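**Student:** These are the residues of each chain, in order.
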Amino acid sequence: MKKLVIEPITRLEGHGKITVFLDEKGKVDEVFFQVVEFMGYEKMVEGVPIEEVPRIASTICGVCRAVHFMASLKAGDQVFSVEPPPVAKKLRELLLSAHHIEDHTEILYAMGLSDFICGPTAPSEKRNILGVTEIVGKDFVKDVLQKRFSAARIVEILGGKTAHPAASVPGGWSKSLSEDEVREIQKLADDCLELGKQSVELFKEVVVKNPEYSKLLKNENFNVVTNYMGTVDEKGKIAYYEGTKVIIDPEGNRIGEFEGKDYLNYFAERTIPWSYAKFPYLKSVGWKGFVDGKGTPFCSVGPLARLNVSEGYSTPLAQKAYEEMVEFFGGKPIYNIFAYHWARAIEILNHAEIVKELSQDPEITNPNTCNPVGEVSGEGVGIIEAPRGTLIHHYWTDENGMVTDANMVVPTTFNNGSIQMAVKKAAKFFLNDGNYDESKLNLIEMAHRPYDLCLACATHAFPGHNPFELNIYSHEGKLIKSIRNF
Amino acid sequence: MLVVGLGNPYFSDDGLGYRAVRELCRELPAIHLLSPGTDFLRVILGKRRVAVIDAVKTGEKPGTFLTFNLKEIKSYPKSSTHTLSISDSISLGYILYPEEMPEELLLFGVEAKDLTTFKRELSPEVEKALPKLLREVKNFIKGGEDESFSSGR
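Read top to bottom, the protein sequences are chains A and B. Our numbering numbers the first residue of the first sequence as 1 and each following residue consecutively. Our numbering numbers the first residue of the second sequence as 1 and each following residue consecutively.
Hints may contain errors.
[As the list claims (entries may be wrong)] Here are the computed lysine to aspartate or glutamate pairs in the DMTMM-like style, where the Cα-Cα straight-line distance is at most 25 Å:
no.: 1; chain 1: A; residue 1: Lys89; chain 2: A; residue 2: Asp191
no.: 2; chain 1: B; residue 1: Lys74; chain 2: A; residue 2: Glu438
no.: 3; chain 1: A; residue 1: Lys138; chain 2: B; residue 2: Glu100
no.: 4; chain 1: A; residue 1: Lys43; chain 2: B; residue 2: Glu27
no.: 5; chain 1: A; residue 1: Lys142; chain 2: B; residue 2: Glu127
no.: 6; chain 1: A; residue 1: Lys161; chain 2: B; residue 2: Glu27
no.: 7; chain 1: A; residue 1: Lys138; chain 2: B; residue 2: Glu121
no.: 8; chain 1: B; residue 1: Lys74; chain 2: A; residue 2: Glu134
no.: 9; chain 1: B; residue 1: Lys47; chain 2: A; residue 2: Asp23
no.: 10; chain 1: B; residue 1: Lys119; chain 2: A; residue 2: Glu181
no.: 11; chain 1: B; residue 1: Lys74; chain 2: A; residue 2: Asp405
no.: 12; chain 1: B; residue 1: Lys47; chain 2: A; residue 2: Asp139
no.: 13; chain 1: B; residue 1: Lys47; chain 2: A; residue 2: Asp249
no.: 14; chain 1: B; residue 1: Lys47; chain 2: A; residue 2: Asp191
no.: 15; chain 1: B; residue 1: Lys113; chain 2: A; residue 2: Glu184
no.: 16; chain 1: B; residue 1: Lys119; chain 2: A; residue 2: Glu438
no.: 17; chain 1: A; residue 1: Lys142; chain 2: B; residue 2: Glu103
no.: 18; chain 1: B; residue 1: Lys47; chain 2: A; residue 2: Glu179
no.: 19; chain 1: A; residue 1: Lys261; chain 2: A; residue 2: Asp249
no.: 20; chain 1: A; residue 1: Lys161; chain 2: B; residue 2: Glu72
no.: 21; chain 1: A; residue 1: Lys138; chain 2: B; residue 2: Glu27
no.: 22; chain 1: B; residue 1: Lys47; chain 2: B; residue 2: Glu100
no.: 23; chain 1: A; residue 1: Lys161; chain 2: B; residue 2: Glu121
no.: 24; chain 1: A; residue 1: Lys320; chain 2: B; residue 2: Glu104
[Said to hold, decoys possible] Counterexamples of contact, computed for chain A against chain B with all Cβ distances above 10 Å:
no.: 25; residue: Glu24
no.: 26; residue: Lys204
no.: 27; residue: Asp233
no.: 28; residue: Val409
Note that these hints are calculated values from the structure, not bench results. None of the values given here were measured: they were computed from a predicted structure. A virtual CB, placed ideally from N, CA and C, is assigned to each residue, including glycine.
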């Protein structure tokens, strides 16, 4: 039989690597989570008209397609000095929420919950959606998938294409919704709502009510204590498309608020020789190395970070689920990395409620979806909340709107420092018994999976798959064990 | 019937699937996807015959035309922690939707030379293989018999 190699493992010519160094007693000393490939979309968009960038940026990743599209589109509005009309913002928000639903569902069911449903030490070929299907049954998975298809169909209707949206126009949206399309979206929104409700319930059923997993949620070995960042609306509720970016310290005190390019006042990036992904840190704290707790320079983003910085969710069912979660942990901020999955499930519900609400908005069929563009300003910053966290696209252009420079700060990069610490904690917890079998890689992967890391996005490479390798070295630098998941 | 072209249109030979879809969509139902997650599953459900087009790396000479049947695709090892691989998507499809999955599914590939340079053009070797690829895909989709179809494997 021929050897078939069509997957990113060869396309990327690299992968994620976790390197563990043991001390003289065989205990975990240092752990490095390395990203060893780089493609650099920032360079690639140089010379491209800013209005073309959303379609190119959406190909950074096959999974995160709508978020790079949306952030660069918002930056394009600013480059052309134009504010989209309210209906265009609503259409964009609708697409973003539908995308969050499809993305979170795939991550939660196929990747995150499979750790718990199949068991943390199940072999990797079983610890996936196929393994989940064997355990929970075909009908359940089929039902989830069908509802996820409903969210994907909403993205398709709004974006004008099956996968990667094409309806971007600076100053608006290139297509209005017909009455028929709205009726279809309203029907699909009901599926999404059911999916949201069942996702929250399933998490509680599978994880919270399981005594062993419930202990993991409160196990301090899996606490990664950092600063947190997210976007909130004027009532302090979580927002995704636009709002104020808020930063809190590990104790929950608000230490920063910004919009647009003011992110540069708060963050600096550190380059480390052993990783292609940069390490953003808070300027006000300064670089202190890989430490968590009070005074840590790192700022986590994503569903749990959003929950930590906010007053909860803008919709009733999600707010109720949020209150239950906060009660379980006895308050906020919540530091346990597995709580990311819980917050992810609640966000599915929140987005489904948003989709339902927007689809019933009488203005959603308004045909005036565009405002005329103004002067070329030469600079634009688009910031949105992606499923994985705060995403920043910053562009500079010439007087014709051709990109001259770009900076993309993606959630996996923001979380890079936190992921390092989560993986180190997991390695210290799981590897200190001197037993390095195949299941160890799975257990350590459980520590980075809550961050839903996307190496494609972090390095702006494509297309978003994460082959991993775990290498364990003795204190003398001798390779003791090498485990791969590919 | 459906043609699904996979890959990133901005990275030279990885754009093969996109380029083929652009050529074929005038006469056949054809769509492009960047990667084969559950969206891939969504679009192939209910189609009797599906041709998947992608650039491949097998160690053959760049520009070599290759096909892979269902068994060969399904045997490809799983690697993803972020989304589903093509083998997982297809396997899941036949488990969950045995009645709705294609009766015939073939992957048509061309050995890639360059998958990393940011450009829209295919390498000369892959460009040269394109007419044969398009011919074979059309034959398959339309159910035609063509001796060269099997000789390319």
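**Student:** Now, for every hint given, state plainly whether the structure supports it.
**Tutor:** Evaluated hints:
Between the alpha carbons of Lys89 (chain A) and Asp191 (chain A) the distance comes to roughly 23 Å, so the proposed pair stays at or under 25 Å and holds. Simply put, Lys74 (chain B) and Glu438 (chain A) have alpha-carbon atoms about 23 Å apart, close enough for the 25 Å limit, and the pair holds. Proximity of Lys138 (chain A) to Glu100 (chain B) is assessed by CA-CA distance (about 14 Å); at most 25 Å being required, the pair is judged to hold. With a CA separation close to 37 Å, the supplied pair Lys43 (chain A) and Glu27 (chain B) exceeds the 25 Å bound.
Proximity of Lys142 (chain A) to Glu127 (chain B) is assessed by CA-CA distance (about 40 Å); at most 25 Å being required, the pair is judged violated. With a C-alpha separation of about 19 Å, the suggested pair Lys161 (chain A) and Glu27 (chain B) falls inside the 25 Å cut-off, and the hint holds. As the CA atoms of Lys138 (chain A) and Glu121 (chain B) are separated by approximately 43 Å, the hinted pair breaks the 25 Å bound. Under the criterion of a C-alpha separation no larger than 25 Å, the hint pairing Lys74 (chain B) with Glu134 (chain A) is consistent with the structure, at around 17 Å.
Pair hint Lys47 (chain B) plus Asp23 (chain A) does not hold up; C-alpha atoms about 57 Å apart against a cutoff of 25 Å. Between Lys119 (chain B) and Glu181 (chain A) the alpha-carbon distance is near 36 Å, which puts this suggested pair outside the 25 Å criterion. A threshold of 25 Å between alpha carbons decides the hint, and for Lys74 (chain B) with Asp405 (chain A) the separation of about 43 Å lies outside it, so the pair is violated. For the suggested pair Lys47 (chain B) and Asp139 (chain A), the alpha carbons sit about 21 Å apart, so the restraint of at most 25 Å is met.
About 53 Å separates the Cα atoms of Lys47 (chain B) and Asp249 (chain A), which puts this hinted pair outside 25 Å; it is violated. In summary, the hint linking Lys47 (chain B) to Asp191 (chain A) is supported, as the alpha carbons are separated by about 24 Å, within the 25 Å threshold. The suggested pairing of Lys113 (chain B) with Glu184 (chain A) is violated, with an alpha-carbon distance near 44 Å, which exceeds 25 Å. Between the alpha carbons of Lys119 (chain B) and Glu438 (chain A) the distance comes to roughly 40 Å, so the proposed pair goes past 25 Å and is violated.
For the suggested pair Lys142 (chain A) and Glu103 (chain B), the alpha carbons sit about 20 Å apart, so the restraint of at most 25 Å is met. The straight-line distance between the Cα atoms of Lys47 (chain B) and Glu179 (chain A) is roughly 29 Å, outside the 25 Å bound, and the hint therefore fails. Between the alpha carbons of Lys261 (chain A) and Asp249 (chain A) the distance comes to roughly 21 Å, so the proposed pair stays at or under 25 Å and holds. Taking the CA atoms of Lys161 (chain A) and Glu72 (chain B), the gap is about 30 Å. The hint is violated against a cut of 25 Å.
Annotation: proposed proximity of Lys138 (chain A) to Glu27 (chain B) is violated, straight-line Cα distance about 36 Å (limit 25 Å). As the CA atoms of Lys47 (chain B) and Glu100 (chain B) are separated by approximately 7 Å, the hinted pair is consistent with the 25 Å bound. Note on Lys161 (chain A) and Glu121 (chain B): the hinted pairing holds, with a Cα-Cα distance of about 23 Å set against a maximum of 25 Å. Of the pairs offered as hints, the one joining Lys320 (chain A) and Glu104 (chain B) is violated, with about 48 Å between alpha carbons and a cut-off of 25 Å exceeded.
For Glu24 (chain A), the condition that its CB be more than 10 Å from all CB atoms of chain B holds, with the nearest at approximately 33 Å. Lys204 (chain A), annotated as away from the interface, keeps every beta carbon of chain B farther than 10 Å; the closest lies near 24 Å. For Asp233 (chain A), the shortest C-beta to C-beta distance to chain B comes to about 29 Å, beyond the 10 Å cut-off, and the non-interface label holds. Even its closest Cβ contact with chain B, about 19 Å, leaves Val409 (chain A) beyond 10 Å, as expected for a residue assigned away from the interface.
Checked against the numbered hints given earlier, this structure breaks hints 4, 5, 7, 9, 10, 11, 13, 15, 16, 18, 20, 21, 24; the rest are met.
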